[in-house]
Amino acid sequence: AQSVTQLGSHVSVSEGALVLLRCNYSSSVPPYLFWYVQYPNQGLQLLLKYTTGATLVKGINGFEAEFKKSETSFHLTKPSAHMSDAAEYFCAVTGGIYNFNKFYFGSGTKLNVKP
Amino acid sequence: AAGVIQSPRHLIKEKRETATLKCYPIPRHDTVYWYQQGPGQDPQFLISFYEKMQSDKGSIPDRFSAQQFSDYHSELNMSSLELGDSALYFCASSLYGGTGELFFGEGSRLTVL
Numbered sequence: 009a010q011s012v013t014q015l016g017s018h019v020s021v022s023e024g025a026l027v028l029l030r031c032n033y034s035s036s037v038p039p040y041l042f043w044y045v046q047y048p049n050q051g052l053q054l055l056l057k058y059t060t061g062a063t064l065v066k067g068i069n070g071f072e073a074e075f076k077k078s079e080t081s082f083h084l085t086k087p088s089a090h091m092s093d094a095a096e097y098f099c100a101v102t103g104g105i106y107n108f109n110k111f112y113f114g115s116g117t118k119l120n121v122k123p
Numbered sequence: 019a020a021g022v023i024q025s026p027r028h029l030i031k032e033k034r035e036t037a038t039l040k041c042y043p044i045p046r047h048d049t050v051y052w053y054q055q056g057p058g059q060d061p062q063f064l065i066s067f068y069e070k071m072q073s074d075k076g077s078i079p080d081r082f083s084a085q086q087f088s089d090y091h092s093e094l095n096m097s098s099l100e101l102g103d104s105a106l107y108f109c110a111s112s113l114y115g116g117t118g119e120l121f122f123g124e125g126s127r128l129t130v131l
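Same order as they appear, the protein sequences are chains A and B. Note that my numbering has the first sequence beginning at 9, numbered continuously upward. Note that my numbering has the second sequence beginning at 19, numbered continuously upward.
Since the hints were derived computationally from the structure, they do not count as laboratory data. Be a bit skeptical, because a hint or two may be false.
What the hints assert, rightly or not - Result set (PhoX-like, lysine-lysine): computed pairs, CA atoms no more than 25 Å apart in a straight line:
| hint | chain 1 | residue 1 | chain 2 | residue 2 |
| --- | --- | --- | --- | --- |
| 1 | A | K110 | B | K40 |
| 2 | B | K31 | A | K110 |
| 3 | B | K70 | B | K31 |
| 4 | A | K122 | A | K110 |
| 5 | A | K76 | A | K57 |
| 6 | A | K66 | A | K118 |
| 7 | A | K110 | B | K33 |
| 8 | A | K110 | A | K77 |
| 9 | A | K122 | A | K76 |
To be verified - If we take Cβ atoms under 7 Å as the criterion, some of the chain B residues that face chain A in the derived model are:
| hint | residue |
| --- | --- |
| 10 | F87 |
| 11 | Y90 |
| 12 | E124 |
As the list claims (entries may be wrong) - Here are some, though not all, of the chain B residues that point toward chain A, as calculated from beta-carbon distances under 7 Å:
| hint | residue |
| --- | --- |
| 13 | Y42 |
| 14 | D60 |
| 15 | G118 |
| 16 | L120 |
Values in this document were obtained by computation on a predicted structure and should not be read as measured data. Even glycine gets a Cβ: it sits at the ideal position worked out from N, Cα and C.
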């Protein structure tokens, strides 16, 4: 079975500082991994995804994430935080090609960006 | 590009009433998911449909039912509404065997008074 753990329900960084949001997964099969962002009172928007191929994936708004199979991690990073990055971020995993239909979300990390 | 459309965007109901939420997936998407997000909570998976058949079931109360129609739109029916049903309800769609991600609608906010 698949599951996702996001370390830290709240992360606070200063504007211009590095953003690091942690995500670890468990999966018995090669997973597909995703990061979504949710702004207040809005739907979830895909930031980036890993399916196959290059393990460092780049997404929108300057975010990127690296799939590390040995560490079962898919941490989200951004070199320089912007005030507009303040939102909640969700990591998600599916069963990859074996189980598209099952989608598992982490509990979310709220990012606060201080001026 | 066309996105997932949910209606209504806002709904106010009294306790014990019934509500119906509608979801129109992205054209050609064959899978629909419903999620419930309470205030300050994470999205909780309710139910999903693939090709008009229920494919997975999560924490959906027995008072709720859902279906996917021949045109792939889906409806979530909620009866005997309780105060605790007040939440943002998201629909998402995907294409089975596609790139894997879910595409979310903007949500329907249900308030039960």
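Measure nothing beyond the straight line between the CA atoms of A/K122 and A/K76; if it is 25 Å or shorter, mark the hint as holding. Given pair A/K122, A/K76 is violated - Cα atoms ~30 Å apart, limit 25 Å.
For the hint on B/D60, just tell me whether its beta-carbon gets within less than 7 Å of chain A. Holds - the Cβ of B/D60 comes within 7 Å of chain A, reaching about 5 Å at its closest.
Hinted pair, alpha-carbon criterion (25 Å max): A/K76, A/K57. Please report holds or violated. 13 Å, holds
Starting from A/K110, check that the Cα of A/K77 is at most 25 Å away, please. Roughly 20 Å separates the two Cα atoms, so the pair holds.
So if I understand the rule, the pair passes when the alpha-carbon distance is 25 Å or less; does A/K122 with A/K110 pass? 36 Å, violated
Pair hint outcome, B/K31 versus A/K110 [Cα-Cα no greater than 25 Å]: Cα-Cα ~31 Å, so violated.
CA of A/K110 to CA of B/K40, is that 25 Å or under? The given pair, whose Cα atoms are some 21 Å apart, holds under the 25 Å limit.
Distance restraint between A/K66 and A/K118, which requires alpha-carbon spacing of 25 Å or less: 21 Å, holds
Is the Cα-Cα distance between B/K70 and B/K31 25 Å or less? 28 Å, violated
Closer than 7 Å between Cβ atoms is the bar; does B/F87 clear it against chain A? Give me holds or violated. Violated - the Cβ of B/F87 stays beyond 7 Å from chain A, reaching only about 18 Å at its closest.
Taking 7 Å as the limit, does the beta-carbon of B/G118 come near enough to a beta-carbon in chain A? At 4 Å from the nearest chain A Cβ, B/G118 passes the 7 Å test, so the hint holds.
Less than 7 Å between beta-carbons is the criterion; does B/L120 satisfy it with respect to chain A? It holds, given that the least Cβ distance between B/L120 and chain A is near 6 Å, below 7 Å.
In the structure shown, a violation is registered for the earlier hints numbered 2, 3, 4, 7, 9, 10, 11, 13, in ascending order.
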